[in-house]
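Asks: Below, each chain spelled out in residue letters.
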Amino acid sequence: MSDSLRVQTLGLFRVWIDGEPLPPVVWKREKAQRLFQFLITIRLNDSHQVMPKERIVAELWPSLDEKRADRDFKVALNALNDALQPDRSARSLSTYISRSGLAYGLDPDADIVIDAAEFRDGLKRAARLEADDPDAAIEVYRAALDLYQGDYLPDALYEDWSSLERERLHTLYLSGAMRLATLLVPRGGLQEAIQLCQSVLSLDRYWEEAYRIMMISHALRGNRPLALRVYEQCRQTLRDGLDLEPMSATTALYRAIARGDPPEALLPR
Amino acid sequence: MNQDVVSFVLRFIREESDGQPARWRGVIKHVQSDHTADFARFSDALAFMQEHVNETIRQAFAGDEPLSPERIFAETARLWGEMAPRYTDIMLQSMELMLEQGRRMGETMAESLARWSASAQQTSPDQQAQLISIIERLTAQVEVLSAKVDDLEERLRGG
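Those sequence lines, one after another, are chains F and X. Remember, the numbering used here sits 30 above the position in the first sequence when you count from 1. Remember, the numbering used here sits 326 above the position in the second sequence when you count from 1.
Don't take every hint at face value.
Unchecked claim - Taking lysine-lysine and the DSSO-like style, the derived pairs with C-alpha atoms no more than 27 Å apart in a straight line are: (1) Lys-355(X) / Lys-61(F); (2) Lys-83(F) / Lys-104(F); (3) Lys-154(F) / Lys-104(F); (4) Lys-154(F) / Lys-97(F); (5) Lys-97(F) / Lys-355(X); (6) Lys-83(F) / Lys-58(F).
It is worth saying that the hints were derived from the structure and are not from the lab.
Based on the provided sequences and hints, a complete structural model is requested.
Replies: Here is the structure:
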């Protein structure tokens, strides 16, 4: 049985083995770390457990000829095995890496926890809970969203192979944060809802639903002037950046708040 | 081998408003630079892509000095040097493709040599020596390929 391996991929790349953080020096070679990150990305993509070596090499060493790329792959794999399990027997794979013919991947039977997978699974679980148990859904959303500490593998920002997973997780965060904010408003979690909207707008300043929930939250807290200012901010941002006007729902909400409509009429559906 | 990759991530966001048609907008990211742009019209996304592709092409030929005939030749020679070994693999898999490519290679070599002879007179002895070395390597590669063409042709005739 292997020791448990925990990997943080969101916001920072860090690895713990049996609760002990792996110091960056263990990687020795940058490509060993890249190879590990690549195998993690394969794991996150549900359709692949292993990937043929030639495809791994094509992604990680695209500018090398076959011979040199093959040699560099072996060196990186060896360094990766050394980093994860330095006391394994010579020339063997670590218990975290599996090989099937000429294909490699993370061992599906090894105890490996990846924050991005937990984040994604948490959001799925929360969405399923929403209809029957919204309070439980809120807790699960909170726990999942807390895992999103930033972009997926930020040190591999310019790598083609990481961009799809980064984008997928990014949009999951945006939609998950909006779902949680929507659930919080009718339950009085207004400050938390506002913070979630600000977080969404810091990632996508044109997310109009976030402006609407902020307007409602400020209005419900009795701060109508601030709610109206949020609308102005939304209008200005859309106009300056996209040459668009706010959607009719946003403008209708603005008018309702300006008229002083009862708060319950403002609640999101 | 140099390999230029230009890739983009496109995100489309559909926003609904009560009783109104849904509105689309998008975000496009150039992966290699992490530059992003928001757009409400797809033509803006295409313009963003075009700009980054153009920039990559410009960079492929960019340098401290203007684009001289020697530089064009050196780049052509370098590309041939890189492509020739790959041709070998491809040709072994496809006789038809190989014959065609062998012909093209010969033509292009002839063109390259013609360009080189025109530009070599303007280059320094060091540059000339370097270019001659490249040409010699390429010539050897062409000879290897020609031998393979002959061999395969012979085998085809025999078959």
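Asks: Which of the stated hints cannot be reconciled with the structure, identified by number in ascending sequence?
Replies: As far as the earlier hints go, 3, 4, 5 are violated by this structure, in ascending order.
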